[in-house]
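Novice: Counted from 1, the sequence shown has number 336 at position 246 by our numbering; the numbering is strictly sequential.
Incorrect hints may have been included.
As the list claims (entries may be wrong) - Calculated pairs, PhoX-like style, for lysine-lysine (alpha carbon to alpha carbon, straight line, at most 25 Å):
(1) K425 with K745
(2) K707 with K425
(3) K539 with K425
(4) K359 with K425
(5) K747 with K419
(6) K399 with K505
(7) K604 with K354
(8) K401 with K243
(9) K554 with K432
Hints were generated in silico from the structure; no laboratory data involved.
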Amino acid sequence: VVLTASHPSGGGGDAPGGFQSKRQPDGNKYRRSGQYTMNHDHSKKIPDGASFDRSGSQDSLDELSMEDYWKEVENIHETRGNNHEEGVALVVKEPDEGELEEEWLKEAGLSNLFGESSGDSQESMVFLSTLTRTQRAAVEKRVETITQTLRKKNKQHQIPDVRDIFRLQNDSKGKVCDGSEPSTVRTSENKNETHDGTKGPKFNLGTDEQKSMLEVMPSSDTDINLEISFAEQAANLKDSSVDNMYKGGGGDTLLPNFRLPKDKTGTTKIGDLAPQDMKKVYSLALIELTALYDILGTEFKQQKAVKIKTKDSGLFGVPLSILLEQDQKKVPGTKIPLIFQKLIAQIEETTLETEGLLRIPGVATRVKTLCQELEAKFYEGTFNWENVKQHDAASLLKLFIRELPQPLLTVEYLKAFQDVQNLPTRKQQLQALNLLVLLLPEANRDTLKVLLEFLQRVIDHRDKNKMTLKNVAMVMAPNLFTFHGFGSKTIEQSEFVMAAGTANVMRFMIQYQKLLWTIPKFIVNQVRKQNTERQKKEKKDKAMKKLLKKMAYDREKHEKQEKTPNDTDVPQGVIRVQAPHLSKVSMAIQLTEELKAGDIVARFLSQKSGNVQTLNKEEVFLYEIGGNIGERCLDDDTYMKDLYQLNPNAEWVIKPKQS
Numbered sequence: 091v092v093l094t095a096s097h098p099s100g101g102g103g104d105a106p107g108g109f110q111s112k113r114q115p116d117g118n119k120y121r122r123s124g125q126y127t128m129n130h131d132h133s134k135k136i137p138d139g140a141s142f143d144r145s146g147s148q149d150s151l152d153e154l155s156m157e158d159y160w161k162e163v164e165n166i167h168e169t170r171g172n173n174h175e176e177g178v179a180l181v182v183k184e185p186d187e188g189e190l191e192e193e194w195l196k197e198a199g200l201s202n203l204f205g206e207s208s209g210d211s212q213e214s215m216v217f218l219s220t221l222t223r224t225q226r227a228a229v230e231k232r233v234e235t236i237t238q239t240l241r242k243k244n245k246q247h248q249i250p251d252v253r254d255i256f257r258l259q260n261d262s263k264g265k266v267c268d269g270s271e272p273s274t275v276r277t278s279e280n281k282n283e284t285h286d287g288t289k290g291p292k293f294n295l296g297t298d299e300q301k302s303m304l305e306v307m308p309s310s311d312t313d314i315n316l317e318i319s320f321a322e323q324a325a326n327l328k329d330s331s332v333d334n335m336y337k338g339g340g341g342d343t344l345l346p347n348f349r350l351p352k353d354k355t356g357t358t359k360i361g362d363l364a365p366q367d368m369k370k371v372y373s374l375a376l377i378e379l380t381a382l383y384d385i386l387g388t389e390f391k392q393q394k395a396v397k398i399k400t401k402d403s404g405l406f407g408v409p410l411s412i413l414l415e416q417d418q419k420k421v422p423g424t425k426i427p428l429i430f431q432k433l434i435a436q437i438e439e440t441t442l443e444t445e446g447l448l449r450i451p452g453v454a455t456r457v458k459t460l461c462q463e464l465e466a467k468f469y470e471g472t473f474n475w476e477n478v479k480q481h482d483a484a485s486l487l488k489l490f491i492r493e494l495p496q497p498l499l500t501v502e503y504l505k506a507f508q509d510v511q512n513l514p515t516r517k518q519q520l521q522a523l524n525l526l527v528l529l530l531p532e533a534n535r536d537t538l539k540v541l542l543e544f545l546q547r548v549i550d551h552r553d554k555n556k557m558t559l560k561n562v563a564m565v566m567a568p569n570l571f572t573f574h575g576f577g578s579k580t581i582e583q584s585e586f587v588m589a590a591g592t593a594n595v596m597r598f599m600i601q602y603q604k605l606l607w608t609i610p611k612f613i614v615n616q617v618r619k620q621n622t623e624r625q626k627k628e629k630k631d632k633a634m635k636k637l638l639k640k641m642a643y644d645r646e647k648h649e650k651q652e653k654t655p656n657d658t659d660v661p662q663g664v665i666r667v668q669a670p671h672l673s674k675v676s677m678a679i680q681l682t683e684e685l686k687a688g689d690i691v692a693r694f695l696s697q698k699s700g701n702v703q704t705l706n707k708e709e710v711f712l713y714e715i716g717g718n719i720g721e722r723c724l725d726d727d728t729y730m731k732d733l734y735q736l737n738p739n740a741e742w743v744i745k746p747k748q749s
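Produce the entire structure from the sequences given, and follow the hints as far as they go.
Specialist: Here it is as structure tokens:
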């Protein structure tokens, strides 16, 4: 399948995603019937000022509010209608049977469950031991598909039976799950007892425990429970009545005021964890999202761009990775494309109170000229920004997003973002969006975050600029969701339903952006569990090596004593906090029920010295390092005693946050 992605200097004249208007005999009116028409005559243009007579109904947004969406589609159509050069080819490979599942397992870090390396799957066994019932069911389903496919193809290498894989994993834990058990990850009756009988922190992973927690925890329609797997929550609520996203008028005030109940061990945001733990988060988020979609009966398939011809320099139509590589030569460490930052700054420089901001387009011919001038002069520093009017800058910003050779929401997950609209409840839609944000590459996620924050600032001035949450979502949805590279593939069923749905998903992303950048606690706990299991394995391997080398017993005993310095150096209930960047470099802190991370930072900052550079409270944070986590930046409201009980072997360091 060859799909075209047009750049501002070239491309077809059709509307993004294949949107076409059907001319009706009643003069200058266009009727949206909800049907999709395949018209590839790129020379046709929709006349300016055309009005719409909508037929067909939709439940979430009133017809008047959709006018902004269709007007934006026509503005995009007009912009592309002025371009005539050949577009860039984007080839999306149609997967063979089992290929999607094989790719999924690789992405989830479980490729050694099949193929020639299937016998060497000890690391995967550790990983599987941390999964919930629904997560494991999602893995089993994909492994089973691959197994059947490989058998059909008569592959010569080992083809494990999916039941054997999970039976081995359970046997290794001393517990066998025959499929009839309601949970595949069990906790010991002793809350703090691990599988090997040693004492350790408790992780809420098992679904038996989660079911009981669901029964006793006070629930609210607006509380987002991050302690229990989203898929497990969906499985438990599957038979109950559900709310539908598209009931009501879809006004700004009708979106629920979702909130995160306070977690005493601290809220973990994207950027708070070390890279090695974020890799684990990615794998777990992929499995969890798949499990959630499985439970809710929504198909989850990752698209795959296997070949793409792109520009290797410039500004528009350049991959984010290449843009950032260019930009980091000029501004080391930058994570957002410089042109993207500058366009937002240019829009804000005038005022965000301009009526119709983002909705009213710049003049198409002038935008095209500015685009060409930017390509030639931006990096030279000779471009005259005084010539850029505010509406032109807004059009250039949207053009930048549209002309990315792969969508900002990625080829792999754009359809999954679109399909969020099909999930039964608003809460499940928000949960799915949370997981999808975790799956985005860092560059895409960082750029999306800056965009959503800017859109919120525009909405904050809605009394003056008349751009409400709904209006902004309508204008921006065609730019993010109807990626022209996919042609008609994603929307041929019903353009109107898709338009209303993606506009609502856009509203969700803007409204709940702070929630979407939170890493659910159940995933962080699974990361902790993986780290604990890996450390136990490493400890056993090390002990075996000691035996093989016939090390003396007294030396072994001495080494074991050295491993627990906290027991001897620091009294019970006291932690040692290091602060190498501050004047007070170390302090013993007595833990109390009410002591928070912010209190410890404040205590250190109160110890001032003229010999050390002064740092503000906003610049330094307390970090949890080691034990069952790689590294985690703590929010100020983290209750330290609760966190210490969760990770007693951690070290505690105050330092500036990595940018």
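Novice: Looking back at the hints listed earlier, which ones does the structure fail to meet?
Specialist: The structure conflicts with hint 8 only, although it agrees with all the remaining ones.
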